[in-house]
Every structure is written in C-alpha cells, then in structure tokens.
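Going down the list, the sequences are from chains L and B. Each residue of the first sequence is one higher than the one before, starting from 1 at the first, in our numbering. Each residue of the second sequence is one higher than the one before, starting from 1 at the first, in our numbering.
Just so you know, the hints here were simulated from the structure itself, not pulled from any lab data. Source: prediction; values computed, not measured. There may be inaccurate statements among the hints.
Each computed BS3-like pair below joins lysine-lysine, with the alpha-carbon atoms no more than 25 Å apart [claimed, not checked]:
| hint | chain 1 | residue 1 | chain 2 | residue 2 |
| --- | --- | --- | --- | --- |
| 1 | L | 49 | L | 161 |
| 2 | L | 377 | B | 6 |
| 3 | L | 55 | L | 197 |
| 4 | B | 39 | L | 370 |
| 5 | L | 177 | L | 191 |
| 6 | L | 160 | L | 229 |
| 7 | L | 49 | B | 39 |
| 8 | L | 160 | L | 49 |
| 9 | L | 133 | L | 162 |
| 10 | L | 160 | L | 133 |
| 11 | L | 49 | L | 162 |
| 12 | L | 57 | L | 176 |
| 13 | B | 39 | L | 133 |
| 14 | B | 6 | L | 133 |
| 15 | L | 49 | B | 6 |
| 16 | L | 162 | L | 197 |
| 17 | L | 141 | L | 228 |
| 18 | L | 141 | L | 162 |
| 19 | L | 57 | L | 83 |
| 20 | L | 191 | L | 176 |
| 21 | B | 39 | L | 368 |
Here is how the chains run, residue by residue.
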Amino acid sequence: MADRRTEILVIGGGPAGLAAAEAASSHGKQVTVIDENPAFGGQIWRAEKSALSGKAKQLVDVLEKNGVEMIPSCTCVASLPDKRILAVSNGKSFPIAYDKVIIATGARERFIPVPGWTLPGVFGAGGLQALVKGGYDIGGKRIVVAGTGPLLLAVAAYLKKKGGNVLVIAEQASAKKLIKLGLASLRVPGKFAEAMKLRIATAGIRYSTGSVVTAAHGSNLLEAVAVKKNGRTSNIECDLLAVGYHLTGNTEVALLLDVFALEGTVIALEGQKAATAEDFLYEHEDIYCAGELAGIGGVEKSLLEGRRAGLAAAGVEGDARGFAAEEERLGRFASAMNRTFELDRDTLLEIMTDDTIVCRCEDVEFGKIKDCDNFIKAKLQTRIGMGSCQGRVCGSACEALFGWGTNSIRPPIVPLRVSELANFKTEKD
Amino acid sequence: MSENLKIKIDGAEHETAAGTIVASALLNAGITAFRTSVKGEPRVPLCGMGICFECRVTIDGVANVRSCLEPVCDGMEIETGG
Ligand SMILES: Cc1cc2nc3c(=O)[nH]c(=O)nc-3n(C[C@H](O)[C@H](O)[C@H](O)COP(=O)(O)OP(=O)(O)OC[C@H]3O[C@@H](n4cnc5c(N)ncnc54)[C@H](O)[C@@H]3O)c2cc1C
Ligand code: FES
C-alpha cells in the first residue's frame with residue numbers, strides 16, 4: 001500500500017489545530033488533521049456525548065467544505081525518517097508523510113500527589129468534567145473541586161449545571177494574587193467578563209482561596225477530603241474530589257520531532273531560551289507548534305497561534321505577520337495567569353508522606369524517591385515513570401516537587417499491541 | 001431523543017445512551033475497580049482524556065484499552081478489574 005501523504009499534517013484537533021487547518025486549507029493547501037479523541041474540538045470544546053456545537057462545529061464545517069481529511073481516534077505515536085509520522089487508529093498503524101507538520105497537541109492537567117489520591121472517587125478536575133461530558137451522571141453527588149487554576153471555576157460551574165452538589169472550590173493561590181490577576185484581566189477584552197460570568201455561574205459555591213488539599217480519606221472509596229487554610233485543617237465529607245493543578249503542555253510529539261521542551265512548554269531551539277510570547281511559534285525544518293503546548297494561555301491564544309501557524313505553513317507570510325500586537329497582549333496575560341497559579345514547592349512537600357504514591361502506574365511511593373538526585377536515577381532505582389503513561393502524570397509531579405527535568409520520551413509514546421504493528425508496512429518494505 | 005444501547009459489563013447486561021464514553025458508562029454502573037494496580041489497589045479514571053492510563057479495561061477481548069477514549073457500541077463486552 002502506498003503511504004498516506006499530505007501537504008500539511010496537523011496533529012491535534014483542538015482550537016489551535018482546527019484554526020491552523022482552516023487557515024492552510026483556505027489557501028488551497030491539502031491538509032490532514034488527526035486527533036487521538038473520537039471527536040474533534042480539543043479540551044474546551046469537548047462536547048457532551050461528542051455532539052459538536054458553536055464555534056467548534058463552524059470550524060469543522062469549513063474544514064469539511066475545504067476538503068480537509070479528518071481522522072478521529074488517531075494517535076501520533078512515533079516519528080519516522082523522511083518526514084513521516086507513525087499513526088495508530090482503530091487497531092491499525094500506518095505512516096503519514098508530510099511536507100509540513102503543525103503540532104497542536106494542547107495541554108493536560110498537572111496532577112500533584114496527596115495521601116489517598118489513588119482512592120476511587122478522586123478525579124482530575126478537568127478529568128471529572130470530561131467524564132461527565134461523556135455521560136457520567138453526578139446528580140446529587142457531593143463534590144469538592146480543588147487544586148489551582150482558572151479551570152477550577154469552569155469545572156465547578158459545569159458540575160453544578162449537571163446536578164452535582166459542589167460544596168467548595170479550594171484554590172491554593174492566595175486572594176492577593178487572584179486580585180492582581182483580576183486587575184490584569186481588565187486589560188484583555190473579554191477576559192474580565194468571562195471571569196465574572198463564571199463567578200455568577202458558581203454563585204452559592206464557596207471559593208476558598210489559599211486552601212490546599214492535604215489528604216483524601218476513605219477505606220475503599222473516597223469519604224472525605226482534608227483541606228488546609230491558614231494553618232488549620234478541616235475535613236469535608238464528600239463523594240467526589242475533582243482536583244487538578246493548572247495545566248502542562250502535551251510536549252511528547254514535539255519531542256519526537258526534536259523540538260525542545262522545558263517544564264511542559266516547547267521552546268525555541270536557538271539559544272534554548274524559555275518560552276516567551278515571541279517564541280511560541282516554533283518554526284524549524286517545516287515544523288510548527290501552536291496552542292497550549294507552546295505555553296498555557298487559553299482558547300484565544302490557541303486560535304491565534306493556530307491561525308498563524310496555518311498561514312505560515314501555507315506560505316502566506318504577509319498575512320501571518322499582522323498578529324504581533326494581539327500576540328503580545330495575550331502573551332502578557334498568559335504570563336500573569338501562570339504566575340498567579342504557580343505552586344509553592346515547600347507547601348507541596350509538607351503534604352507528602354513516605355507512603356504517598358507518586359507514580360500510579362508502578363505504585364512508587366514518595367519515600368522511595370525523595371532522596372534521589374534526579375528523575376533518571378529515581379527511574380533506575382524504582383521504575384517510576386516506566387509504566388504505561390510514560391511519566392505523563394508523575395513526571396510533572398516530580399518537576400513540581402523536586403524541580404527534576406523529565407524531558408525524555410520513548411517511542412511509541414503510547415503502548416502499542418503487537419497486532420497494531422503487524423500491519424505496519426511502508427513503501428520501502 | 002437518543003436511543004439506548006445494550007452493553008455487557010463483567011457479564012451483566014446494562015443499558016446506556018448512545019454517545020456515552022465507556023469510562024462514563026462504567027462509572028454509572030458503579031464500577032470502582034477499572035483495573036487493579038501493581039500492589040493490588042482498585043483504580044478508576046483520573047484524567048478522562050487519555051493521559052493517565054488508569055481507565056484501562058478489556059473491550060471485546062482486547063486488553064488494556066483506555067476506556068475514556070472509546071464511545072460505547074451496541075453489544076460491546078467490557079471486562080474490568082484486570
Ligand atoms: C482537561 C482540560 C479541560 C479544559 N477545560 C476547559 C474549559 O472548560 N474552558 C476553558 O476555557 N478552557 C479549558 N481548558 C483549557 C483548554 O485546553 C484551552 O482553552 C484550549 O482547549 C486549548 O486549545 P489547544 O488546541 O491548544 O489544545 P487542546 O484543546 O488540548 O487540543 C489538543 C488536541 O490534541 C490531541 N492530541 C494530543 N496528543 C495527540 C497525539 N499524540 N496524537 C493525536 N492527537 C493528539 C488531543 O486529543 C486534543 O484534542 C481545559 C484544558 C484541559 C487540559
Ligand atoms: S482516564 Fe486517564 S487515560 Fe483514561
């Protein structure tokens with residue numbers, strides 16, 4: 001069979017990937033978009049039972065009209081020689097050859113271990129939201145939403161709308177930091193209004209700032225959550241805990257293609273400087289990065305970067321240039337936001353006990369790794385990060401807890417079955 | 001409105017709305033051990049988006065499928081706890 005071939009391959013069909021595909025296909029390019037999820041739309045436009053609406057549907061409709069090839073349930077798992085990736089979809093693997101590739105793999109929640117967080121009943125914050133969108137019925141359940149980041153408000157509002165009894169939002173950032181961010185949001189049209197809308201949607205739910213979850217309790221199921229504020233700990237009885245600590249980029253595909261990443265953000269190769277607003281669009285040997293893997297900053301930033309990457313990949317440089325002012329404004333707000341929701345290492349370390357599981361795949365406890373010098377040593381001694389998730393969960397936790405860099409991946413970036421590789425043949429075989 | 005599909009969870013028949021994600025259907029069915037950890041603990045989904053691999057189950061005989069990425073199909077057979 002001949003290899004699949006496309007002019008522009010977009011990996012990830014969230015806001016950034018869809019905007020990139022729209023821009024490139026509207027300029028006559030042949031575009032293919034793949035997404036690991038069974039539905040397009042990414043995280044923010046994840047639809048209830050996969051029925052897209054609004055802006056997501058609009059974009060997908062344009063792509064269909066433009067003849068863009070869209071492959072759902074398709075994961076990029078490896079990079080192959082000669083500008084090809086290896087993709088897996090519905091039990092089959094196949095290479096896709098491209099002239100240019102736009103990586104728009106978005107972000108995931110950052111998870112921080114606490115004692116008891118492996119108990120059934122503990123979910124990620126966006127994680128629980130996704131499961132409810134997938135049809136999980138939370139009617140009447142008592143829920144604590146906790147961690148840090150703007151996502152907590154969106155999640156609480158959604159869970160409340162779906163009949164969940166949200167008891168409290170425990171946000172680790174201080175009230176002082178949040179007020180500063182509120183003031184910064186006034187300078188970005190729409191941001192302040194968006195925050196107010198969420199606050200109204202969560203009216204009646206206590207928003208407790210400077211509050212950290214220190215443990216999840218229960219014998220076989222979650223029964224209560226311990227939350228510490230101003231040195232005092234209270235136990236809150238609940239059925240579900242939705243806890244996440246802001247976001248971190250899905251940098252694996254970028255790393256496969258030799259784009260460097262630092263602390264969950266891709267960075268430019270030249271000089272290896274940390275990501276700033278100007279760096280986010282990484283352009284090197286026909287590889288572009290757009291959206292949250294190039295810095296957490298919300299949907300407007302992802303759409304803008306996607307559009308810019310799509311235009312640049314289509315060779316429409318003139319159009320691609322007019323974005324600077326908007327980029328700078330969104331970039332500035334993104335930095336202010338990410339500073340607000342930074343974690344304090346000492347606070348996190350104080351919560352950990354020796355038997356707190358850090359690596360959920362291999363059941364590696366905090367006590368086993370705390371004296372290691374770095375992630376690689378900890379890996380060799382304990383198998384941390386060597387399970388199915390390849391360190392996607394424990395890696396960012398270790399970065400937050402110990403400052404360890406975990407910038408390593410091994411293809412395939414998700415475990416494959418032998419049967420999935422069995423059909424893998426290319427023109428060269 | 002949306003039609004109901006029949007699925008089997010650990011041998012028992014369940015009805016679930018079309019479009020439901022397998023992980024969500026399992027939670028609705030009260031499953032509290034999607035998989036068993038290395039040390040024997042029960043685990044349920046964490047991330048809901050394909051990252052953590054805590055939601056792995058056997059679907060129609062294929063082991064270790066991330067149930068948060070699979071929509072239900074009529075007649076699907078799901079085994080948990082492995
Ligand atoms: C769990 C979660 C929930 C969120 N909920 C909200 C919300 O309710 N409101 C809000 O304003 N913001 C929310 N956000 C923030 C949100 O990520 C951004 O606003 C926006 O969705 C970012 O767009 P993006 O295109 O950069 O990335 P994403 O939307 O994350 O899209 C990236 C896409 O890439 C796909 N992908 C990743 N890796 C691969 C691979 N190897 N192969 C193929 N496809 C791949 C993913 O399946 C995903 O669809 C959420 C973030 C997360 C992590
Ligand atoms: S719940 Fe995390 S991979 Fe499915």
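How the hints compare with the structure:
no.	hint	in the structure
1	L/49 x L/161	holds, 16 Å
2	L/377 x B/6	violated, 49 Å
3	L/55 x L/197	holds, 19 Å
4	B/39 x L/370	holds, 20 Å
5	L/177 x L/191	holds, 16 Å
6	L/160 x L/229	holds, 24 Å
7	L/49 x B/39	violated, 34 Å
8	L/160 x L/49	holds, 18 Å
9	L/133 x L/162	holds, 9 Å
10	L/160 x L/133	holds, 13 Å
11	L/49 x L/162	holds, 14 Å
12	L/57 x L/176	violated, 39 Å
13	B/39 x L/133	violated, 31 Å
14	B/6 x L/133	holds, 20 Å
15	L/49 x B/6	holds, 17 Å
16	L/162 x L/197	holds, 17 Å
17	L/141 x L/228	holds, 22 Å
18	L/141 x L/162	holds, 10 Å
19	L/57 x L/83	violated, 31 Å
20	L/191 x L/176	holds, 19 Å
21	B/39 x L/368	holds, 15 Å
Hint check: violations occur at hints 2, 7, 12, 13, 19; the rest are consistent with the structure.
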